[in-house]
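Using the sequences and the accompanying hints, generate a full structural model.
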Amino acid sequence: MSQPHAAHFASAEEQAHAVALGTWLFLAGEVLVFGALFLAVTVAQPAWTTLRGPVSASGHFTADPAGAPPPCCSPAAWPVALAARAARGPRPGAARPCGCRGRGPSGWFSSRSRGWNMRARRPGRPVARARVRRRGLRSPRAAQFFWLYLVLTGVHAVHVLVGVALLSLAAWAPAPQRVEGVGLFWHFVDLVWIYLLPALYLA
Amino acid sequence: MTSRPSPARLLLTWLLLLALLAATLGAYALELGLALSLAIATLKAAAILREFMELRRAHPTLRLVAAGSLLFLAVLFCLTLADVLGRPGGTGLSQGGSAGAVGAPKSKAEGG
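Chain order of the listed sequences is B and E. Take the first sequence: its letters are residues 1 to 203, numbered as in this note's numbering. Take the second sequence: its letters are residues 1001 to 1112, numbered as in this note's numbering.
In case anyone wonders, no lab produced these hints; they're calculated from the structure. Predicted model only: the values in this text are computed from it and were never measured. Where a beta carbon is used, it is the ideal one built from N, C-alpha and C, also for glycine. Mixed in with the good hints there might be a few duds.
[Unchecked claim] Coverage of chain B stretches by chain E, computed from C-beta distances (three or more under 8 Å per stretch; other residues unrestricted):
id : stretch
1  : 16-22
2  : 34-47
3  : 183-193
Written as structure tokens, this is what we have:
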């Protein structure tokens, strides 16, 4: 039952605990990073509802098929949780199923980049420009919304990219604690999305 | 630490998350308000923290760290909102109505 562990740990269990604690402390810092951004959304959001009129700023996305929000990156959550579970089992190789992450990240990115693209191209598209002017989306309030939208989804996107890279690493060379730490990180990225969806798209 | 959640339990949690996602979209379609969406989001977060991140059976130290991060988040929100909500006049945090009505034309003037 004695599993291999690094020399400076008394046991594999102690090592696993240290990895989990380190990961959780890292995530605690991440909570504050995203917390500050969500705080900005909370303070500014009521002003955005003034954009609501016929179509709110967030409704501008949801009304447009190209900007429709991806529902979640949760499809990947279950395989990751299973992999973390398997990594603790007798056969670390069984952690490989975390390689099949579902279509979560890729689908999310294609959808996201379409959303960004739509706004990046807007000034160049006469029809869209007229629509934007009509909806009053040129106001500083709207600029604030789009700025926070870009930063929040952008920072989250970086986390998704890093998460995908880490998951790939864990699938390629599955060590129990690696799978578990990466799994925790991935679930955190999922947690952020869970709040991001109502805050930016459904508000 | 060594006890592991059963795959069935993880699957059930995942199905619960998908059901709650459907509830979120349903609430949005029926225009039941942002508060309900956020409440559902919190339910989802609790399920993930409890089952997927395994806080349910985690070592007390890990649970303390997780709770501590939420505590500091609460401090961040409470102190900031205490300031913003406590400002006299235009807080920008009124329920869309008054601030909303003057918001659009005023911002137009500010923008020019």
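Okay, the hints, checked on the actual structure:
no., hint, in the structure
1, 16-22, "holds (count 4)"
2, 34-47, "holds (count 8)"
3, 183-193, "holds (count 6)"
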